[in-house]
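**Student:** So the sequence lines, in the order shown, correspond to chains B and F.
The first sequence runs 1 to 454 under the numbering used here.
The second sequence runs 1 to 454 under the numbering used here.
In short, the hints are calculated from the structure, not lab data.
Hints should not be assumed to be uniformly reliable.
Intra- or inter-copy, both count: the list cannot distinguish identical chains.
[Stated by the list, open to error] Derived DSBU-like pairs (lysine-lysine); straight-line CA-CA distance at most 35 Å: (1) Lys295 / Lys190; (2) Lys60 / Lys286; (3) Lys38 / Lys286; (4) Lys174 / Lys215; (5) Lys190 / Lys286.
Given the structure is predicted, the values throughout are model-derived calculations rather than measurements.
Protein chains: 2
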Amino acid sequence: MKRATIIGAGLVGSLQALFMAKRGYKVDVYERRPDMRKLNLGGGRSINLALSDRGLKALKAVGLQSAISQMAIPMHGRLIHMADGTIGGLQPYGEQGQYINSISRGGLNELLMTEAEKHEHVTFHFDTRSLDIDRDKNEVLLENTETHEQFTTQADVIFATDGAFSAVRGSMVKTDRFDYSQHYLPHGYKELSIPPAEGGGFQLEPNALHIWPRKSFMLIALPNLDGSFTCTLFLAYEGAISFDNLRTEAQVKAFFKEHFADVVPLMPNLVADFFGNPTPSLVTTKCFPWVYGNKIALMGDAAHAIVPFYGQGMNSGFEDCSVLDELATELNEDWPTVLDAYQHSRKPNADGIAELAVRNFVEMRDLVADPFFQLQKQVEKHLHRRHPERYLPLYTMVTFSDLPYAEALRRSQVHDSFFIEAGQDLMVMVANNPQEGASEALMDDWVAEIERRY
Amino acid sequence: MKRATIIGAGLVGSLQALFMAKRGYKVDVYERRPDMRKLNLGGGRSINLALSDRGLKALKAVGLQSAISQMAIPMHGRLIHMADGTIGGLQPYGEQGQYINSISRGGLNELLMTEAEKHEHVTFHFDTRSLDIDRDKNEVLLENTETHEQFTTQADVIFATDGAFSAVRGSMVKTDRFDYSQHYLPHGYKELSIPPAEGGGFQLEPNALHIWPRKSFMLIALPNLDGSFTCTLFLAYEGAISFDNLRTEAQVKAFFKEHFADVVPLMPNLVADFFGNPTPSLVTTKCFPWVYGNKIALMGDAAHAIVPFYGQGMNSGFEDCSVLDELATELNEDWPTVLDAYQHSRKPNADGIAELAVRNFVEMRDLVADPFFQLQKQVEKHLHRRHPERYLPLYTMVTFSDLPYAEALRRSQVHDSFFIEAGQDLMVMVANNPQEGASEALMDDWVAEIERRY
Numbered sequence: 001m002k003r004a005t006i007i008g009a010g011l012v013g014s015l016q017a018l019f020m021a022k023r024g025y026k027v028d029v030y031e032r033r034p035d036m037r038k039l040n041l042g043g044g045r046s047i048n049l050a051l052s053d054r055g056l057k058a059l060k061a062v063g064l065q066s067a068i069s070q071m072a073i074p075m076h077g078r079l080i081h082m083a084d085g086t087i088g089g090l091q092p093y094g095e096q097g098q099y100i101n102s103i104s105r106g107g108l109n110e111l112l113m114t115e116a117e118k119h120e121h122v123t124f125h126f127d128t129r130s131l132d133i134d135r136d137k138n139e140v141l142l143e144n145t146e147t148h149e150q151f152t153t154q155a156d157v158i159f160a161t162d163g164a165f166s167a168v169r170g171s172m173v174k175t176d177r178f179d180y181s182q183h184y185l186p187h188g189y190k191e192l193s194i195p196p197a198e199g200g201g202f203q204l205e206p207n208a209l210h211i212w213p214r215k216s217f218m219l220i221a222l223p224n225l226d227g228s229f230t231c232t233l234f235l236a237y238e239g240a241i242s243f244d245n246l247r248t249e250a251q252v253k254a255f256f257k258e259h260f261a262d263v264v265p266l267m268p269n270l271v272a273d274f275f276g277n278p279t280p281s282l283v284t285t286k287c288f289p290w291v292y293g294n295k296i297a298l299m300g301d302a303a304h305a306i307v308p309f310y311g312q313g314m315n316s317g318f319e320d321c322s323v324l325d326e327l328a329t330e331l332n333e334d335w336p337t338v339l340d341a342y343q344h345s346r347k348p349n350a351d352g353i354a355e356l357a358v359r360n361f362v363e364m365r366d367l368v369a370d371p372f373f374q375l376q377k378q379v380e381k382h383l384h385r386r387h388p389e390r391y392l393p394l395y396t397m398v399t400f401s402d403l404p405y406a407e408a409l410r411r412s413q414v415h416d417s418f419f420i421e422a423g424q425d426l427m428v429m430v431a432n433n434p435q436e437g438a439s440e441a442l443m444d445d446w447v448a449e450i451e452r453r454y
Numbered sequence: 001m002k003r004a005t006i007i008g009a010g011l012v013g014s015l016q017a018l019f020m021a022k023r024g025y026k027v028d029v030y031e032r033r034p035d036m037r038k039l040n041l042g043g044g045r046s047i048n049l050a051l052s053d054r055g056l057k058a059l060k061a062v063g064l065q066s067a068i069s070q071m072a073i074p075m076h077g078r079l080i081h082m083a084d085g086t087i088g089g090l091q092p093y094g095e096q097g098q099y100i101n102s103i104s105r106g107g108l109n110e111l112l113m114t115e116a117e118k119h120e121h122v123t124f125h126f127d128t129r130s131l132d133i134d135r136d137k138n139e140v141l142l143e144n145t146e147t148h149e150q151f152t153t154q155a156d157v158i159f160a161t162d163g164a165f166s167a168v169r170g171s172m173v174k175t176d177r178f179d180y181s182q183h184y185l186p187h188g189y190k191e192l193s194i195p196p197a198e199g200g201g202f203q204l205e206p207n208a209l210h211i212w213p214r215k216s217f218m219l220i221a222l223p224n225l226d227g228s229f230t231c232t233l234f235l236a237y238e239g240a241i242s243f244d245n246l247r248t249e250a251q252v253k254a255f256f257k258e259h260f261a262d263v264v265p266l267m268p269n270l271v272a273d274f275f276g277n278p279t280p281s282l283v284t285t286k287c288f289p290w291v292y293g294n295k296i297a298l299m300g301d302a303a304h305a306i307v308p309f310y311g312q313g314m315n316s317g318f319e320d321c322s323v324l325d326e327l328a329t330e331l332n333e334d335w336p337t338v339l340d341a342y343q344h345s346r347k348p349n350a351d352g353i354a355e356l357a358v359r360n361f362v363e364m365r366d367l368v369a370d371p372f373f374q375l376q377k378q379v380e381k382h383l384h385r386r387h388p389e390r391y392l393p394l395y396t397m398v399t400f401s402d403l404p405y406a407e408a409l410r411r412s413q414v415h416d417s418f419f420i421e422a423g424q425d426l427m428v429m430v431a432n433n434p435q436e437g438a439s440e441a442l443m444d445d446w447v448a449e450i451e452r453r454y
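Construct all of the structure, not just a fragment, from the sequences and the given hints.
**Tutor:** Here it is in structure tokens:
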């Protein structure tokens with residue numbers, strides 16, 4: 001029986017275990033931490049993620065689409081909370097019926113592990129960390145952190161899904177000709193919480209992603225099944241408006257009252273959460289090659305950790321799994337060839353979504369409240385409605401299609417430079433009267449010109 | 001007595017020891033390797049470097065200018081060996097009296113160590129490696145590699161000059177919010193040698209840097225005091241023309257005969273050198289911050305390893321020392337302030353020379369044989385002669401001035417875009433008849449326009 005080893009039982013590792021189990025492999029998954037399903041997480045933080053089409057496609061491929069839909073809350077668009085306390089209209093993410101899904105990170109991870117374990121030959125080994133790549137044997141050296149027993153994997157193929165600070169990648173960084181970068185944003189983040197309403201139910205519109213854009217910083221909120229919202233404050237570490245200047249209870253209260261007045265009454269635990277929770281940083285990591293010795297492949301955050309602003313961290317990791325699976329079928333599980341095709345296929349797309357994710361931070365904290373940005377969004381909506389196959393706005397390409405990220409980025413650059421030239425007056429005309437003949441003729445011309453530039 | 005610790009006794013560490021000794025510090029230098037002065041290096045490889053104005057300025061500041069001039073061979077320009085075996089005319093690096101210096105890396109390093117040791121309170125400790133930063137004590141944890149004794153530095157200020165693969169930086173990479181990148185070129189290099197002529201003397205023109213530009217690869221040669229030349233072949237690792245395809249004696253001989261026919265008779269040890277010497281890679285590393293805990297500062301390659309094509313690796317490291325020394329004087333040795341000023345002053349310049357060094361590889365292996373490139377060089381020479389203070393060609397700014405590298409890069413971008421617009425016909429006129437009235441008027445206009453664009 002062929003054997004696959006997976007290092008890391010997070011979201012991507014657990015999904016990859018399912019893909020390899022479906023191929024009939026004996027799968028061993030090694031995870032540094034204890035089994036999260038056995039820990040008492042009462043009172044722990046509830047982290048949620050935005051699951052969209054690329055992630056769903058991968059989950060569907062392992063038969064989990066319906067199980068997932070039970071766990072997710074659809075978010076149809078952005079709800080913008082202005083500085084004066086008013087709430088703007090919903091900015092839809094796509095067309096009717098298109099939405100992203102708020103889902104519990106822990107809940108999804110547990111589901112994937114439990115589903116994987118239903119396969120007879122899948123075994124999760126917890127409390128086991130990777131020490132180094134065994135370069136002679138082309139395997140990974142592991143250690144049981146309880147017994148301190150050390151042993152070497154024995155596998156036909158090894159997947160390192162051990163996250164943004166991957167120990168396996170750490171071993172690869174020390175080898176010759178391994179490109180690597182880690183780049184931090186000047187911002188950190190703080191998780192906060194809005195509990196359910198008394199007697200149950202949501203205190204804000206549940207089917208939306210809430211944003212309080214404040215130019216250099218922002219607050220967001222995503223719904224949870226229990227009626228609560230998980231909120232995240234993104235703020236610079238240093239400077240005039242920064243975590244550095246939020247050191248006392250009075251400072252925190254004054255800051256929230258000034259900038260997020262409408263949310264303060266909904267956050268009874270604001271101060272305790274603020275000082276009890278850590279302030280993690282936001283890193284983008286890139287590396288290449290992703291494959292060591294034709295046998296050990298990095299996947300997910302281990303290969304390409306990105307900032308969270310496009311909601312594509314998990315989705316891109318899941319897409320790694322589905323693309324790799326397609327290549328494995330196409331290339332008859334000739335793993336050296338499969339892994340090489342995988343890394344060359346995925347690397348430009350990982351770089352693309354990394355850039356888009358950083359750019360989306362600016363969009364979310366600033367541009368969502370910008371008139372020209374809104375005008376372009378309006379025009380793009382009409383272009384997409386008139387030419388649904390020929391013109392896709394960037395958000396649609398990234399979130400509601402499986403067009404390669406690099407291609408989505410490239411096309412969006414064509415769009416942006418086109419609209420700078422197109423002229424605001426004509427854009428206003430199209431936005432206001434999309435069904436008039438002049439607007440329709442103009443849109444047809446525009447799409448033809450944009451296609452020419454692609 | 002105030003104490004300075006230096007990690008790494010290479011070129012930059014040894015020079016920094018001299019600077020700190022001059023300040024009256026007790027200086028301890030810890031070096032992972034044994035004392036190179038006690039090793040029998042007979043038969044070892046002779047590596048040379050190009051020392052230019054920035055390095056000389058730093059050496060002058062510690063009183064070593066005259067000692068250095070005894071060890072160096074002036075190189076006034078590039079001598080181009082064409083593919084057909086002919087040698088082009090000398091392409092001067094600058095004006096009359098401007099040259100770079102070929103100097104032995106080992107010889108210079110030994111001189112710096114010996115000079116530093118003449119100071120009573122400077123001590124070199126060999127066979128001592130750094131294990132990690134001691135975060136609690138804000139010191140460095142060291143280990144004697146012979147006795148395995150471990151101990152912690154005790155210093156007012158610590159300089160990590162432990163090279164491109166710096167262990168101290170390796171500790172900093174693991175801390176939060178530390179930006180880092182390592183990027184490799186697709187090329188590696190191989191050191192080869194041209195021995196002195198029989199009976200002594202040089203087999204090639206000694207006062208030049210020899211280049212065999214072959215577009216995707218190149219060979220260079222720098223003179224040594226003993227009449228030999230150290231040659232370096234820069235070639236891709238993989239591809240049609242690559243180290244990958246030079247695996248047999250016959251392949252190596254055929255490759256050299258085809259591309260470097262004129263040099264083959266001068267290299268009796270070609271095959272032995274080729275297969276006896278390693279094929280190192282070419283890395284650019286960047287990081288920030290350069291300072292840890294207000295006390296431990298990265299310098300030289302530890303902070304900014306660059307590729308060798310501008311001959312500025314050592315020079316930029318030496319400039320780190322002289323800039324830091326000026327800041328220390330200016331800021332009264334208030335080290336936290338000095339180190340912070342140092343890192344913010346040097347970081348953009350390190351990034352600038354890193355980019356210039358990569359670009360110069362293209363210039364050396366390709367553009368030196370390109371007609372438009374030569375035309376622009378000609379025009380720039382005349383502009384510089386007519387306006388010596390107002391117009392400096394890029395090579396002059398980098399090599400024969402101490403203009404910040406970042407500023408040199410910025411100005412060179414102005415130059416390049418200007419000459420693309422200037423028109424080839426006018427450039428030919430200026431190049432051919434620089435002293436005619438029309439050319440002089442044009443040059444005056446050009447310099448005024450270029451200054452406007454700066």
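**Student:** Against each hint, give a clear statement of whether it holds in the structure.
**Tutor:** Each hint tested on the structure:
no., hint, result
1, Lys295 / Lys190, "between (38 Å within a copy, 30 Å between copies)"
2, Lys60 / Lys286, "within (28 Å within a copy, 42 Å between copies)"
3, Lys38 / Lys286, "within (34 Å within a copy, 43 Å between copies)"
4, Lys174 / Lys215, "between (40 Å within a copy, 31 Å between copies)"
5, Lys190 / Lys286, "both (24 Å within a copy, 29 Å between copies)"
Checked against the numbered hints above, the structure violates none of them.
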